[in-house]
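Put together the whole structure using the sequences plus the hints.
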Amino acid sequence: MVARPNAALAQIHTQIMWSRLIAVVEEQAQTMLRTAFSTSVREAGDLSAGVFDCHGRMLAQAVTGTPGHVNSMANAVRHFLDVYPLATMKPGDHYITNDPWLTSGHLHDITVVTPSFYRGEAVGLFANTIHVVDIGGAGDGP
0 MVARPNAALA
10 QIHTQIMWSR
20 LIAVVEEQAQ
30 TMLRTAFSTS
40 VREAGDLSAG
50 VFDCHGRMLA
60 QAVTGTPGHV
70 NSMANAVRHF
80 LDVYPLATMK
90 PGDHYITNDP
100 WLTSGHLHDI
110 TVVTPSFYRG
120 EAVGLFANTI
130 HVVDIGGAGD
140 GP
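Quick note: the sequence shown uses numbering that gives the first Met the number 0, first residue 0, plus one each step.
It cannot be assumed that every hint is accurate.
What the hints assert, rightly or not - List time: in silico SDA-like cross-link candidates among lysine to any residue, alpha-carbon distance up to 25 Å: (1) Lys89 / Glu42; (2) Lys89 / Ser71; (3) Lys89 / Leu101; (4) Lys89 / Glu26; (5) Lys89 / Leu58; (6) Lys89 / Asp133.
Unchecked claim - Label pairs and their in silico Cβ distance ranges: (7) Ile15 / Asp98: 35 to 43 Å; (8) Asp133 / Arg33: 40 to 48 Å; (9) Gly104 / Arg56: 18 to 26 Å; (10) Val132 / Ala7: 45 to 53 Å; (11) Ile21 / Leu106: 27 to 35 Å; (12) His105 / Ala6: 46 to 54 Å; (13) His54 / Thr13: 18 to 26 Å; (14) Gly104 / Ser18: 29 to 37 Å.
If you're looking for bench data, these hints aren't it; they were derived computationally from the structure.
Quick reminder that beta carbons are idealized off the backbone N, C-alpha and C, glycines included.
Laid out in structure tokens, this is it:
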């Protein structure tokens with residue numbers, strides 16, 4: 000018979016795992032801030048970062064960034080899973096869009112979704128959305 004951990008230990012374990020998830024996505028966001036070519040990202044933190052399960056449900060989002068990007072990033076993850084089922088994704092794949100109908104609503108926001116694998120099996124997805132000032136494309140405004 001397997002011993003069941005008591006409730007206090009289960010709560011501690013949950014908090015440790017939650018803190019680790021937040022640390023991972025926060026590092027993801029901080030890396031974007033340090034390495035972005037976009038001044039909107041570097042200087043204003045106009046980004047979002049998150050980790051998702053295999054069904055496209057957000058597990059954690061970075062504290063750093065713009066809250067407005069979080070829902071559009073989640074929509075893009077679900078879109079990519081609809082078009083490219085997880086079973087077809089391979090290590091090294093990256094999915095990118097700035098289609099305003101599939102993600103944030105305007106051309107200047109770019110979302111990248113990358114599957115994560117453990118021992119050859121997809122275990123989740125990471126996503127980022129950033130705002131890029133100089134994107135080109137047909138659209139209103141300066």
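Could you check the structure against the hints above and give me the numbers of any it violates, in ascending order? Hint check: 1, 6, 8 fail, others pass.
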